Structures are given as structure tokens and as C-alpha cells.
Amino acid sequence: MIDIHTHILPGIDDGVQTEEEAIAFARMAVEDGITGMVATPHCKEGSYENDLPMVLEKIASLRAVLESHQIPLELIPGAEVHICPDLVDRIRDGRAPTLANNGKTLLLELSLTQPPPVELENLVFQLKLAGILPIFAHPERIQYFRDDVSRYKEMIRLGAWGQITAGSVLGTFGGSARKFSEELIRGGLIHVLASDAHNVRGRPPRLREAATVIAGWVGDEAAERMVTSTPQSLLDGRDPQIPAVEEVRHEHRKRSFLSRIFGSR
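FYI, in my numbering the residues of the sequence shown are 819 to 1083.
Think of the hints as simulated: they come from the structure by calculation, not from any bench. Any given hint could be a false lead.
Claimed, not checked - Once the Cα atoms are required to be at most 25 Å apart in a straight line, the calculated SDA-like pairs of lysine to any residue come out as: (1) K922 with R969; (2) K971 with P933; (3) K971 with Y866; (4) K922 with E885; (5) K997 with V1031; (6) K997 with G1034; (7) K997 with G1055; (8) K862 with R1026; (9) K946 with G977; (10) K946 with L930; (11) K946 with E1039; (12) K971 with G1055; (13) K922 with Y866; (14) K946 with N919; (15) K971 with S994; (16) K946 with E972; (17) K862 with D911; (18) K922 with H860; (19) K862 with R845; (20) K971 with G1005.
Here the structure is a predicted model, which means the values were calculated and not measured.
Hey, can you work out the whole structure from these sequences and the hints?
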């Protein structure tokens, strides 16, 4: 599996704080079946100035540590970039890192509680015009979308994507976030599952259990895509063609990815 949203780089945001914790974090991810992990520290002007050079430096350092401990986890650069009016310019000059540094896919963060400070429709349009695919991080937790799901649906119609968080699917962030997660996934409005892991206890780097729950909602093939082929395509800078959820909801239940990797349900 590939996890495109994690906070594994130690000491640069509100995620992992020490090298020792990063090692435990990586081991936990590998045990869960994660082979590739995008390090996506918060990138927000005035709070977390994690530009591309900083992320690449931290990635190189942690890669060496994981190799020395023989932990088979591929670390990939990225960031969780907070929205701002000059976002396209910040991407172009390296202040806002894209996933895998590919210049084509961006993990986009909104405030969980406050309305967006910019017009989202125009922002998505500008990003798409620049050849960048915006991926909204955890839309199920964003109050602006929860108050009116049509706002989020409009983002998807304009060509944006959505990343659901494993903890939301499992109820870690409350029943309403879980219910909204199911609504979005069953509605074909979510493209990828990620952990948004911050530590090894309260918010660990795990995808397996949430993927199993999602398989129960929309089928094994859809759940598999959300943690394998789709995130890989995003890192490669490709826009994969994904069948609508409705097409796979009643698929034949066969021993596939989830049963092979996760065990029988």
C-alpha cells in the first residue's frame, strides 16, 4: 500500500518529533502493509515554512536512518499545503512542495473550522490551468463542506480530488465524520485513502483496517485502488481513469487484494 498523507518527518510540524519516534512510526507502517509513504508536513506561511529544500533535506536524512535500521519503507517527498491566494506562484518557486516533487499533484489543506480565505472555485480553476491536480485532504472533517456537501461536489466537478482519512472511516474523529466519510465514498466523491498519521499512538500510520471497512461499503476492487494503483498514479503525475463507485458496489466477492493481504473477513 501507499500512504500519501503522513507527518513522519521529525520536528518540523505537529507530527513526529524525534528520530526514535520516526523509526517506530516507520516500523508500524511496514507491519500494516505500507511500502511507500509520502512525507507531507504542514506547509503554511507564518506557521510551518516547510519549503521544498527543507523537505528534501529531511527526507534524505530520514531515509539514511531507515536504511541503517533495515526498515523497507520508501520515503517520498511532499507536503500538506494550506490554501493561500498566491498558491500557484508558491508551487512554481518551491515554497509549496507537490507530491513526489512531480509538479503535478498537490495535497491541499483547508481549515477544519473556518471558511476558506479564498474563492475555492477560482483556486481549483487556476491550479488545473497550471496543470496541477488539487487533492483536498480530509474533506470529511472540514466544516465548510460538512455544512453543505454541494460545495465539495462542485470541487470534484471542477476536477479536484478528495483524500479520506483512515481515522475518520474508523470513527476516531467521531460519528459524524464517519457518517460523512461513508456518504462521500458511496457517492463516488473520494479517490484515495490515507492515514494522515501524526504519531504512533493516537494517530498511527495504518490503512489496513479502514480499507477493510471501505471494502464493505463499495467492494474490494474500489478499496484496493484507493491504497495502491490510484496513489501510485498520483505520484507518477498521471490522472488515472477510475470507474464510478456505483459500477463496483455490487461486484462479485472474490479473494482479491484485501483477502490476500489483510486476511479473510
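Verification of the supplied hints:
{"no.": "1", "hint": "K922 with R969", "verdict": "holds (24 Å)"}
{"no.": "2", "hint": "K971 with P933", "verdict": "holds (16 Å)"}
{"no.": "3", "hint": "K971 with Y866", "verdict": "violated (29 Å)"}
{"no.": "4", "hint": "K922 with E885", "verdict": "violated (28 Å)"}
{"no.": "5", "hint": "K997 with V1031", "verdict": "holds (12 Å)"}
{"no.": "6", "hint": "K997 with G1034", "verdict": "holds (14 Å)"}
{"no.": "7", "hint": "K997 with G1055", "verdict": "violated (31 Å)"}
{"no.": "8", "hint": "K862 with R1026", "verdict": "violated (30 Å)"}
{"no.": "9", "hint": "K946 with G977", "verdict": "holds (7 Å)"}
{"no.": "10", "hint": "K946 with L930", "verdict": "holds (23 Å)"}
{"no.": "11", "hint": "K946 with E1039", "verdict": "violated (28 Å)"}
{"no.": "12", "hint": "K971 with G1055", "verdict": "holds (23 Å)"}
{"no.": "13", "hint": "K922 with Y866", "verdict": "holds (22 Å)"}
{"no.": "14", "hint": "K946 with N919", "verdict": "holds (17 Å)"}
{"no.": "15", "hint": "K971 with S994", "verdict": "holds (18 Å)"}
{"no.": "16", "hint": "K946 with E972", "verdict": "holds (14 Å)"}
{"no.": "17", "hint": "K862 with D911", "verdict": "holds (15 Å)"}
{"no.": "18", "hint": "K922 with H860", "verdict": "holds (18 Å)"}
{"no.": "19", "hint": "K862 with R845", "verdict": "violated (28 Å)"}
{"no.": "20", "hint": "K971 with G1005", "verdict": "holds (10 Å)"}
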